[in-house]
Amino acid sequence: MRAFAFASAISLALAGAAEAAPRRVVSLNLCTDELLLMLGDPAQIVSVTHLAQQPVETRLWREARRYRRNDGSLVSVAGLRPDLVLTMGGGARDRTRIAERLGMRVLDLPYPGSLADIEQAVREVSTALGRERAGGAVLARIGRLKRARPGRQVDTIWLGGGGRTVAASGLAAQWMALAGLRQRAVAGDRVSLEQLLVRPPAVILRSDYRQGQYSSEQRWLSHPLARRVRGARTIATDGRAWTCMGPALTDEIERLRGALNVIPARAGTQENQVSKRRTSAFLGPGLRRDDG
Amino acid sequence: MRAVTRLLLLALAMLAAFAASLLLPLPPLAALLGADRSLAFALLWELRLPRAALALAYGAMLGASGAAIQGLFANPLASPDLTGTTSGAALGAVVTAYLLGFSAPLALALGAVGGALGALLLLLALAGPRAETATLLLAGLAISALAGALTTLALALAPSPFAFYDAYEWLMGSLVDRSLEQAAFAAAPALVAILLLLRLARPLDSLTLGEEVAQSFGHDVRRLRVEIVCLTAFGVGACVAICGAIGFVGLVAPIFARRLTGGHPGRAILPAALIGGVLLLAADLVVRAAPLGRTLPIGVVTALLGAPFFLWLVAHMRWRLGR
Amino acid sequence: MTTLLKAEGIALAGRLHPTDFAMEAPELTCLVGPNGSGKTSLLHALARIGWPAGEVRIDGLRPESLPPARRSRLLSYLPASRDIAWPLTALDLVRLGAGADEADEAMAALDLTSWADRRVDRLSTGERSRVLIARALAPRPRLLLLDEPVANLDPLWQLRLMERLREAVAQGQGAVVAMHDLDLAARYADRLVLIDAGAIVAEGAPEAMLGSERLQGVFGIERVEGEWRPLSSPPRRGGEAG
Numbered sequence: 001m002r003a004f005a006f007a008s009a010i011s012l013a014l015a016g017a018a019e020a021a022p023r024r025v026v027s028l029n030l031c032t033d034e035l036l037l038m039l040g041d042p043a044q045i046v047s048v049t050h051l052a053q054q055p056v057e058t059r060l061w062r063e064a065r066r067y068r069r070n071d072g073s074l075v076s077v078a079g080l081r082p083d084l085v086l087t088m089g090g091g092a093r094d095r096t097r098i099a100e101r102l103g104m105r106v107l108d109l110p111y112p113g114s115l116a117d118i119e120q121a122v123r124e125v126s127t128a129l130g131r132e133r134a135g136g137a138v139l140a141r142i143g144r145l146k147r148a149r150p151g152r153q154v155d156t157i158w159l160g161g162g163g164r165t166v167a168a169s170g171l172a173a174q175w176m177a178l179a180g181l182r183q184r185a186v187a188g189d190r191v192s193l194e195q196l197l198v199r200p201p202a203v204i205l206r207s208d209y210r211q212g213q214y215s216s217e218q219r220w221l222s223h224p225l226a227r228r229v230r231g232a233r234t235i236a237t238d239g240r241a242w243t244c245m246g247p248a249l250t251d252e253i254e255r256l257r258g259a260l261n262v263i264p265a266r267a268g269t270q271e272n273q274v275s276k277r278r279t280s281a282f283l284g285p286g287l288r289r290d291d292g
Numbered sequence: 001m002r003a004v005t006r007l008l009l010l011a012l013a014m015l016a017a018f019a020a021s022l023l024l025p026l027p028p029l030a031a032l033l034g035a036d037r038s039l040a041f042a043l044l045w046e047l048r049l050p051r052a053a054l055a056l057a058y059g060a061m062l063g064a065s066g067a068a069i070q071g072l073f074a075n076p077l078a079s080p081d082l083t084g085t086t087s088g089a090a091l092g093a094v095v096t097a098y099l100l101g102f103s104a105p106l107a108l109a110l111g112a113v114g115g116a117l118g119a120l121l122l123l124l125a126l127a128g129p130r131a132e133t134a135t136l137l138l139a140g141l142a143i144s145a146l147a148g149a150l151t152t153l154a155l156a157l158a159p160s161p162f163a164f165y166d167a168y169e170w171l172m173g174s175l176v177d178r179s180l181e182q183a184a185f186a187a188a189p190a191l192v193a194i195l196l197l198l199r200l201a202r203p204l205d206s207l208t209l210g211e212e213v214a215q216s217f218g219h220d221v222r223r224l225r226v227e228i229v230c231l232t233a234f235g236v237g238a239c240v241a242i243c244g245a246i247g248f249v250g251l252v253a254p255i256f257a258r259r260l261t262g263g264h265p266g267r268a269i270l271p272a273a274l275i276g277g278v279l280l281l282a283a284d285l286v287v288r289a290a291p292l293g294r295t296l297p298i299g300v301v302t303a304l305l306g307a308p309f310f311l312w313l314v315a316h317m318r319w320r321l322g323r
Numbered sequence: 001m002t003t004l005l006k007a008e009g010i011a012l013a014g015r016l017h018p019t020d021f022a023m024e025a026p027e028l029t030c031l032v033g034p035n036g037s038g039k040t041s042l043l044h045a046l047a048r049i050g051w052p053a054g055e056v057r058i059d060g061l062r063p064e065s066l067p068p069a070r071r072s073r074l075l076s077y078l079p080a081s082r083d084i085a086w087p088l089t090a091l092d093l094v095r096l097g098a099g100a101d102e103a104d105e106a107m108a109a110l111d112l113t114s115w116a117d118r119r120v121d122r123l124s125t126g127e128r129s130r131v132l133i134a135r136a137l138a139p140r141p142r143l144l145l146l147d148e149p150v151a152n153l154d155p156l157w158q159l160r161l162m163e164r165l166r167e168a169v170a171q172g173q174g175a176v177v178a179m180h181d182l183d184l185a186a187r188y189a190d191r192l193v194l195i196d197a198g199a200i201v202a203e204g205a206p207e208a209m210l211g212s213e214r215l216q217g218v219f220g221i222e223r224v225e226g227e228w229r230p231l232s233s234p235p236r237r238g239g240e241a242g
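Protein chains in written order, with our numbering: chain P, 1 to 292; chain H, 1 to 323; chain V, 1 to 242.
Derived from the structure by calculation, the hints contain no laboratory data.
It should be emphasised that the depicted structure is a prediction, and the values quoted were computed from it without experimental measurement.
Built from N, CA and C at the ideal position, the CB exists for glycine as well.
Among the hints, a few may not be true.
To be verified - Just some of the chain H residues that point at chain V, by a computed CB distance under 10 Å:
| no. | residue |
| --- | --- |
| 1 | 5 |
| 2 | 75 |
| 3 | 152 |
| 4 | 210 |
| 5 | 265 |
Claimed, not checked - So these bits of chain H aren't anywhere near chain V, every CB distance computed over 12 Å:
| no. | residue |
| --- | --- |
| 6 | 13 |
| 7 | 16 |
| 8 | 34 |
| 9 | 114 |
| 10 | 153 |
| 11 | 158 |
| 12 | 191 |
| 13 | 196 |
| 14 | 198 |
| 15 | 209 |
| 16 | 282 |
| 17 | 309 |
So here's chain P without its partners, still in its complex pose:
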């Protein structure tokens, strides 16, 4: 998958020099929708998925509603005669092969696993769209964030519905690091209320995705122990951007950096000390908490 994307990027880059920018672009995946909406010229976008048009799924829903919606399948956009199709994943579907035979260029992006993958995706999409400058601007912002990465990293747990959290070595954690938040490694990527009680982190990054909707996941989050984690500072974050973890996250990361800079370093440590003593009394001298 990766090799193919790389090869297609190369071929597109070579072709881009000779061909004009695509005039009719469709996207068949929410994450490629976001890339297209951020990097593309409105005149060249023809269709995005229905997910992109929902306020609960993405920040860019207003822009998305200007275009026709599709259901993520090639057959729903084939009649629109696109000249570039953006896809990601797709399981057993054979969209790439079919689209090429229909005379459409396809850019099939791999699932991103790191910031480097995100930057690569931005490069490929902006090149394919003929919008290198827009891509460059996005990359520059990410680059600035990377260069200004805080040295001091605060012990953090990203908290989603049902106690879900993110991998300490994954893409989400890499974004969080740019804001000075170090995601704690939690076994199974799922944190329990007991863990929050006994070993609270310095910061809880709480996703508000689908907040207010009734579901067992939301019920978990409204549990008293999850709502106010003693000894930790809870910062709310726009959950929508964390679905794709694409460049749409840059705004959010910049905001989080600002929010964190408000906390003086000493106060944070004092909070930790207080809860540390309490925990030691509870657990006994043998167990010790991690330092934030």
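Dock chains H and V against the given chain P, drawing on the hints supplied.
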């Protein structure tokens, strides 16, 4: 009405459904023909044809194997889905997909066939070859539950959350965006399996009188069992590998078919294949006509149509002799 | 003319000891014996059901060597259980054994013509039995192997069936019939074969067999003043293997 006439009518119905699947919805196709002819034909060939062909092949395979399994177990409630065959195939394919990726069609097919075979062998071991309805259903339920649990486990251990969505969509059954190669990959094994199953029509018919009489006719019942299990696993597995698990067609089609053949199970294999093809083509048309923003998984449509029928069938199973 | 039936060393593991069985010319042979004695197993072994050992030749031919169509001309088996898996019509069921004309004849012989289009699950047990018997008789095989054919039949049809079997024998078919009713068997059979514990222990003319101590010992009954009664003294069970 003579049997041959009935078969011809069924074949005609199938061809009509196939044509409808290619041509409907008509307005977009007509519009495209006016605007960009070559694209219209490409669309027909690359998108609509594989979809129609898959619906036909998968439906026919489910119908034929359903008829064969029902004849083998002498039970109208046996079918590829109720016996856990499709669940087993889906599990085999999901596990293979995680290990080797979704776009390794041969490996996926082998995984699905292996899963289906495992499920059927387990069923024979649990329920025995001439099990009563209750035993058969319980065993099939247990196997479906086991396969389902293992598949859920596999989903939970998905290599990435995106892979989860891939696997999920495909577990619901889908004919969308499959290429001609994929259609051939499923249709060829299905066709071979159906043709070989047709050879077993006579021995299956004789099973109506019981295993002993069938053996006295000279039919090797043990070998019949092995052949039906293997052919079902082979054909259904290949289709599941491409399209995911689709249920109820394998249950409903043979029941209608047997109404046409006066109850003979073996003679019902061919009509069941034709009826299965029509049913799945019709379900696909419903999927396309549904005015939802997103694609309705075809497994949902077959379940919505098939489940009420199944309930009716259970309520009306009064004909069982002495069971 | 070759021997109608010649079976050598036929056996079924755990149920039938190696046995020889022969029928030179067409006759009605009745198998009698207590429950579980091996009557069904002997019929199975003759019909080549259940992968029995030994060799069976009917008219000099081995049934296994023939395709199903020709094999049904050679032998026909009727099981004791009346299970029918699918609700076929009576005529369709009889046609499973033979062609259309033969099926019609067999149905007529058993007075089933008026029920030809009735589904078998809507018939009474006795009527269903007759349909199954018609199926077995339809192909007019050289050898009929019937397991408890008169069970479920009313007295009239019991007699009619036995007479029908005698007619079949007169027309050149052999019949080996397992039965519980000793009097009925003795009345119509040419030969009575007594089976016990998986082996043939005695055979002979019906009247002689009925009065024999062997038979009485195997069943534990004796004939007193024209009717059967349990033995006054305990029987000596288990004769030598036939």
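Hints, one by one, checked against the model:
1. 5: violated, 18 Å
2. 75: Nearest chain V Cβ about 8 Å off; hint holds.
3. 152: Violated: closest Cβ of chain V sits about 36 Å from residue 152 of chain H, beyond 10 Å.
4. 210: For residue 210 of chain H, the interface hint holds, since the closest Cβ of chain V sits about 5 Å away, which is under 10 Å.
5. 265: holds, 6 Å
6. 13: holds, 24 Å
7. 16: holds, 30 Å
8. 34: The claim holds: residue 34 of chain H sits with its nearest Cβ about 54 Å from chain V, beyond 12 Å.
9. 114: holds, 30 Å
10. 153: Answer for residue 153 of chain H: holds, closest chain V Cβ roughly 38 Å.
11. 158: holds, 44 Å
12. 191: Check passes; 26 Å lies beyond 12 Å.
13. 196: holds, 18 Å
14. 198: holds, 16 Å
15. 209: violated, 6 Å
16. 282: holds, 27 Å
17. 309: holds, 18 Å
Checked against the numbered hints above, the structure violates hints 1, 3 and 15; every other hint is satisfied.
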